[in-house]
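J.: One-letter residues, chain by chain:
Number of protein chains: 2
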Amino acid sequence: MQATIITIGDEILIGQIVDTNSAWMARELNKIGVHVYEIISISDDREHILSAFAKAKQQSDLVLITGGLGPTKDDITKKTICEFFNDKLELNQEVLDHVVRLFKEYVKAPMVDMNKDQALVPSRAQVVMNQYGTAPGMWIEDGHAIFISMPGVPFEMKSLMTDSVLPRIKEIGNLPFIHHRTILTAGQGESTIATRLEDWENDLPSHIKLAYLPSLGTVRLRLSSRGADKDFIIKTVADQVKQLYVLIEDVIVGESNDESLVHAVVQLLKDKNQTVSTAESCTGGKVASLITEIPGASQIFMGSTITYATQSKVDILDVDADIIDKYSVVSEQVAIEMAVKAQLKFKSDFAIATTGNAGPTQGDSDAPVGTVYIGMATPSNVYGLHFMMGNHRERVVQKTINKALELLQKELIEM
Amino acid sequence: MQATIITIGDEILIGQIVDTNSAWMARELNKIGVHVYEIISISDDREHILSAFAKAKQQSDLVLITGGLGPTKDDITKKTICEFFNDKLELNQEVLDHVVRLFKEYVKAPMVDMNKDQALVPSRAQVVMNQYGTAPGMWIEDGHAIFISMPGVPFEMKSLMTDSVLPRIKEIGNLPFIHHRTILTAGQGESTIATRLEDWENDLPSHIKLAYLPSLGTVRLRLSSRGADKDFIIKTVADQVKQLYVLIEDVIVGESNDESLVHAVVQLLKDKNQTVSTAESCTGGKVASLITEIPGASQIFMGSTITYATQSKVDILDVDADIIDKYSVVSEQVAIEMAVKAQLKFKSDFAIATTGNAGPTQGDSDAPVGTVYIGMATPSNVYGLHFMMGNHRERVVQKTINKALELLQKELIEM
Chain A
1 MQATIITIGD
11 EILIGQIVDT
21 NSAWMARELN
31 KIGVHVYEII
41 SISDDREHIL
51 SAFAKAKQQS
61 DLVLITGGLG
71 PTKDDITKKT
81 ICEFFNDKLE
91 LNQEVLDHVV
101 RLFKEYVKAP
111 MVDMNKDQAL
121 VPSRAQVVMN
131 QYGTAPGMWI
141 EDGHAIFISM
151 PGVPFEMKSL
161 MTDSVLPRIK
171 EIGNLPFIHH
181 RTILTAGQGE
191 STIATRLEDW
201 ENDLPSHIKL
211 AYLPSLGTVR
221 LRLSSRGADK
231 DFIIKTVADQ
241 VKQLYVLIED
251 VIVGESNDES
261 LVHAVVQLLK
271 DKNQTVSTAE
281 SCTGGKVASL
291 ITEIPGASQI
301 FMGSTITYAT
311 QSKVDILDVD
321 ADIIDKYSVV
331 SEQVAIEMAV
341 KAQLKFKSDF
351 AIATTGNAGP
361 TQGDSDAPVG
371 TVYIGMATPS
381 NVYGLHFMMG
391 NHRERVVQKT
401 INKALELLQK
411 ELIEM
Chain B
1001 MQATIITIGD
1011 EILIGQIVDT
1021 NSAWMARELN
1031 KIGVHVYEII
1041 SISDDREHIL
1051 SAFAKAKQQS
1061 DLVLITGGLG
1071 PTKDDITKKT
1081 ICEFFNDKLE
1091 LNQEVLDHVV
1101 RLFKEYVKAP
1111 MVDMNKDQAL
1121 VPSRAQVVMN
1131 QYGTAPGMWI
1141 EDGHAIFISM
1151 PGVPFEMKSL
1161 MTDSVLPRIK
1171 EIGNLPFIHH
1181 RTILTAGQGE
1191 STIATRLEDW
1201 ENDLPSHIKL
1211 AYLPSLGTVR
1221 LRLSSRGADK
1231 DFIIKTVADQ
1241 VKQLYVLIED
1251 VIVGESNDES
1261 LVHAVVQLLK
1271 DKNQTVSTAE
1281 SCTGGKVASL
1291 ITEIPGASQI
1301 FMGSTITYAT
1311 QSKVDILDVD
1321 ADIIDKYSVV
1331 SEQVAIEMAV
1341 KAQLKFKSDF
1351 AIATTGNAGP
1361 TQGDSDAPVG
1371 TVYIGMATPS
1381 NVYGLHFMMG
1391 NHRERVVQKT
1401 INKALELLQK
1411 ELIEM
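First to last, the sequence lines map onto chains A and B.
Take the first sequence: its letter number 186 is residue 186 in this note's numbering, and every next letter is one higher.
If you want this note's numbering, it's the position in the second sequence, counting the first as 1, plus 1000.
Honestly, the hints are just simulated from the structure, not real lab data.
Please note: incorrect hints may appear among the correct ones.
[To be verified] Some, not all, of what chain B presents toward chain A, calculated at C-beta under 10 Å:
no.: 1; residue: GLY1015
no.: 2; residue: LYS1073
no.: 3; residue: GLU1198
[What the hints assert, rightly or not] Taking CB as the label site, the calculated pair distances span:
no.: 4; chain 1: A; residue 1: ASP366; chain 2: B; residue 2: GLN1299; range: 14 to 20 Å
no.: 5; chain 1: A; residue 1: GLU394; chain 2: B; residue 2: LEU1385; range: 49 to 55 Å
no.: 6; chain 1: A; residue 1: PRO110; chain 2: B; residue 2: PRO1360; range: 32 to 38 Å
no.: 7; chain 1: A; residue 1: ASP229; chain 2: B; residue 2: ILE1172; range: 51 to 57 Å
no.: 8; chain 1: A; residue 1: LYS242; chain 2: B; residue 2: GLY1296; range: 46 to 52 Å
no.: 9; chain 1: A; residue 1: PRO379; chain 2: B; residue 2: ASP1318; range: 25 to 31 Å
no.: 10; chain 1: A; residue 1: LEU50; chain 2: B; residue 2: TRP1200; range: 38 to 44 Å
no.: 11; chain 1: B; residue 1: ARG1168; chain 2: A; residue 2: GLN58; range: 31 to 37 Å
no.: 12; chain 1: B; residue 1: SER1380; chain 2: A; residue 2: ASP318; range: 27 to 33 Å
no.: 13; chain 1: B; residue 1: ARG1168; chain 2: A; residue 2: ARG168; range: 47 to 53 Å
Here the structure is a predicted model, which means the values were calculated and not measured.
The C-beta atom is built at its ideal place from N, Cα and C for all residues, glycine as well.
Given the sequences, and given the hints that come with them, work out the whole structure.
T.: Structure follows, in structure tokens:
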């Protein structure tokens, strides 16, 4: 089964919002064995919507559409669906009751005609109820293809997908098993790793695909396969991963099917029953906010201080002012002091500290733009490391976050 | 001039990464008057790339391609470009010298053949030098259309676009002026606002387009227009915005062409020469990290504490333990106490505090999932507000962040 995802909305094409819906949908479809052939973003324009529908129908069995279902005039998806299927809108009583109830329970303002129009659906569409909003999902079967239209509001779309759409697609059945394993490496570039893996890569069975995903300081190797025989696929991929470990053991830092370093770190902390806190300066709380994004983080995360202003490092974290005076605020000694004080104050097993100058301007220290120190306090050790992270603000911060998480991961793996 | 953006890479279609490149490119193209017709994501598959190129050429004058330029085998964009244009790869000495220099300066590992191959480019392509990486940009003119291929690594693509591609597109000239103004509202739903604006919206000049962009607790109204006569466009849009202010003054909280509340708040803080700190519990540092993402934030941001664990509220922030005991950790009193202590400790003019239970589980308090208190300390006042934010973790956090920033914005506007 092959899918096309269509997102409708001018806001995407003028770059006002980043389309995060498609990635989420693609990941969930992938998990149940649906291959996503194409993701396409188009504007709220009748002709463009019609031609995208026609192309999607030609190339796929499943067409997932988000956006353009709001009550206001700029949203035209529903009436364009009618035009495409030569259908007309009809009032759906179940949706109307739901809209009325939502207004009664959650909205203080009175209902207007526009809200009632949310209950109009194409006559041949099966309604997929939207628990969290007034725009219903619509499921339309047409020949070999199924069109599913959903609101663009992420949590509404996610709830529709999770509760109704994905289970129903699974029921249709005959889906292959899709399997990915992603190995995280750090310390060597993709070409160096690829050269080391050349013979192995050439001998990979044809049903296994390899991708290199370089990021700042890390390269992820993703092995993918799909087919009807789940056990065979899992086993053959596992065999190859085993060979991979032998070939590049020195650079492998872990494996994560959630694909992110922070997931791997949080899992390690949970597995080893350890806690962490952070004392962040140049990363501005991003290490903490990545960790706390993961449900259940409160088990392993004790807290954080973000001490952007130099004086606040003293006032909040009790960093010794003499150390700042002697070594400057961006220094190995201050990074260590911050980590030690965070560990102490938050009573955590580990603490990570960051201090640096991400630019674009000089800030409170003499350190050149790009200078970063990461401090690490473990149950048995403390140390600080110096890095030059370039002169690109966003990248300096991102590299520092990755490096901090990578250091913590190594500590946890080795303990 | 009309553009199609094509992103190439399996990682997007299996949902392993979110495509943020396209939104950035679309925004930058928009700014210089290029209309983005379509954004399309496809896999590293020869036939699919060829058909996407053909379609893009048909529908646009400008085809911007990212991804698939790495040195490893899974990346096939360059050779597929050759196939599409019936061209062959040639060694480009300037690129080779650049790759050699990059390796000498930044990479510790020795260069391998694969790295040298980065200097192979289609013979008819003009090279666009990539300062930060080994994959060059390529500019190919073909009849009415220009194809530009760039690496998928965001900062490499951004640097190529900013330094070379965008200025060169501007030079081609004859670009219309594109203008957007986005008015932020809070407190009423989109349908209520749309009903209030019905007559005005019906009378909008045809060259002005209106869009409603609802988000959690806010609706943004975007007026867009484009054409050759810049002054005329700016003036007619401004006239309509003036009318809009009269019609819905009570719900308008500001205007931002950066489109985000946090930009508006940071600008207000700078304009009014005020500073802020945050004391975050349920938002896990996200308010601080949003603020510090903006270059120059150090001018207005003093710091933050993230006190996830209850005891850390006492240890780090000096929250009075008796208040926690008496009112519980998720309470108006604790939110106020956190804000006051943050204001004091960070010596900031304003302080925002969040405490709540975002779920999925109960946490350290008896408050039901979705309960949030926001504390606000201003130069002249302190208060705490209670909210029920639903039972969807991600959404509870996002709504709390929006609400906190909105409250701060109101305080700043009114001071």
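J.: Work down the list of hints and note, for each, if the structure agrees.
T.: Status of each hint after checking the structure:
1. At about 3 Å, the closest approach between the beta carbon of B/GLY1015 and any beta carbon in chain A falls short of 10 Å, and the interface hint on this residue holds.
2. For B/LYS1073, the interface hint holds, since its Cβ comes within 10 Å of a Cβ in chain A; the closest pair sits about 7 Å apart.
3. With a cut of 10 Å, the hint placing B/GLU1198 at the interface with chain A holds, because the nearest CB-to-CB distance is about 9 Å.
4. Evaluation of the 14 to 20 Å hint for A/ASP366 and B/GLN1299 yields a pass: the beta carbon distance comes to about 19 Å.
5. Checked against the given bound of 49 to 55 Å, the beta carbons of A/GLU394 and B/LEU1385, roughly 33 Å apart, lie outside it.
6. One distance hint, 32 to 38 Å for the beta-carbon pair A/PRO110 and B/PRO1360, holds here, with the actual separation near 34 Å.
7. As the Cβ distance of A/ASP229 to B/ILE1172 is approximately 54 Å, the hint placing it in 51 to 57 Å holds.
8. Take A/LYS242 and B/GLY1296: their Cβ atoms lie about 50 Å apart, and the range 46 to 52 Å holds.
9. One distance hint, 25 to 31 Å for the beta-carbon pair A/PRO379 and B/ASP1318, holds here, with the actual separation near 27 Å.
10. Checked against the hint of 38 to 44 Å, the C-beta distance between A/LEU50 and B/TRP1200 comes to roughly 30 Å, which is inconsistent with it.
11. Between B/ARG1168 and A/GLN58 the Cβ separation comes to about 36 Å, which falls inside the hinted range of 31 to 37 Å.
12. Separated by about 30 Å at the C-beta atoms, B/SER1380 and A/ASP318 satisfy the suggested range of 27 to 33 Å.
13. Judged by the Cβ atoms, the range 47 to 53 Å given for B/ARG1168 and A/ARG168 holds: they are separated by roughly 49 Å.
When each numbered hint is compared with the structure, violations occur for hints 5 and 10.
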